[in-house]
Every structure is written in structure tokens, then in C-alpha cells.
Amino acid sequence: MPAGTLYRGREGMWSWVAHRVTGVLIFFFLFAHVLDTALVRVSPEAYDSVIATYKFWLVNLMEYGLVAAILFHALNGLRVVAVDFWAKGPKYQKQMLWTVVGVWVVLMAGAFYPVLEHTLRTWFGG
Numbered sequence: 259m260p261a262g263t264l265y266r267g268r269e270g271m272w273s274w275v276a277h278r279v280t281g282v283l284i285f286f287f288l289f290a291h292v293l294d295t296a297l298v299r300v301s302p303e304a305y306d307s308v309i310a311t312y313k314f315w316l317v318n319l320m321e322y323g324l325v326a327a328i329l330f331h332a333l334n335g336l337r338v339v340a341v342d343f344w345a346k347g348p349k350y351q352k353q354m355l356w357t358v359v360g361v362w363v364v365l366m367a368g369a370f371y372p373v374l375e376h377t378l379r380t381w382f383g384g
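If you read the sequence shown in our numbering, its first letter stands for residue 259, the second for the next number, and so on.
A couple of the hints might just be wrong.
Claimed, not checked - Derived DEER-like restraints, expressed as beta-carbon distance ranges: (1) D306 to I328: 22 to 28 angstroms; (2) L319 to R278: 20 to 26 angstroms; (3) G384 to L336: 14 to 20 angstroms; (4) V317 to W362: 20 to 26 angstroms; (5) D342 to M320: 29 to 35 angstroms; (6) F289 to G335: 32 to 38 angstroms.
Keep in mind the hints are simulated off the structure, nothing from the lab. Don't be surprised by glycine CBs; every beta carbon is placed ideally from N, CA and C.
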């Protein structure tokens, strides 16, 4: 690792990477969402067709991924604010990251069935 690098492959670097990646994913979702919503003004039939594809199981899994990205981005953003504005933030940044990951896992477990209910019922009946 070259001298003077800020991150050395530890938790801080990976949270930085994950924060940027989730931010980009959320941006592209919002871009696609604006386009598909605007489609209703152009052609209501095309809009209905696009919305019908959202009932496909793969899209439902992608929705779960979107929930994961939004939750991580939001929780990690709060951690970044704490690191930046709390005097002891840099000292506890690693512990705060693991707290963020723990809260994220619990929330994702709680979101599993509500988000994927349609797909689970399709796959396993019910």
C-alpha cells in the first residue's frame, strides 16, 4: 500500500465504497422511476405494460435489493454525520459501522417477508 493513503482496506474504506455504490444504485432507480412514471402521460397502455413487468419475481428481488441499498445508505449516512460532527466520532467510527451493519441486518430481516411476499407466495403457494 503506498504511503499516505487514507484507507488501507479496512472498515472505513469498505463503508466508503458501499456508501458510494448504494448512492449510485439509488440514483439510477430514481431515474428509472421518473421515466416510467412519466410514461403515463405519453401512453397509458405502455405505462400499464411496464408496471405489469414489476410483478415478475426477479423485479421483486431487485426491490428487496433497493430496500437494502436505501437502508444501508441512510444508516451509514447518519454514521458519517456522527463521525464528522461529533468530537469523538472518529474514535468510535469502527464501532458505529458495526452498529450500522447490525441494525441494517435486523431491519433487512424484518423487511424480508413484507417485501418478498408476492414472490414467496408465487414460488411456494399460499
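Review point. Between D306 and I328, does the C-beta distance stay in 22 to 28 angstroms?
Key: Roughly 26 angstroms apart at Cβ, these two residues keep to the hinted range, so it holds.
Point to revise | 20 to 26 angstroms as the expected CB spacing between R278 and L319, which holds or is violated | key: With a Cβ separation near 23 angstroms, L319 and R278 satisfy 20 to 26 angstroms, so the hint holds.
Practice item. Using the beta carbons of F289 and G335, state whether their distance is inside 32 to 38 angstroms or not. Key: violated, 20 angstroms
Check your understanding: When you take the CB atoms of G384 and L336, is the distance between them in 14 to 20 angstroms?
Key -> For G384 and L336 the Cβ distance comes to about 37 angstroms; the hint is violated.
Point to revise | CB-CB spacing for M320 and D342 relative to the 29 to 35 angstroms hint | key: holds, 32 angstroms
**Study point:** Outcome of range test on Cβ distance (V317, W362; 20 to 26 angstroms)
**Key:** Given range 20 to 26 angstroms: holds, Cβ gap about 22 angstroms.
Of the numbered hints given earlier, the model fails hints 3, 6; all others are met.
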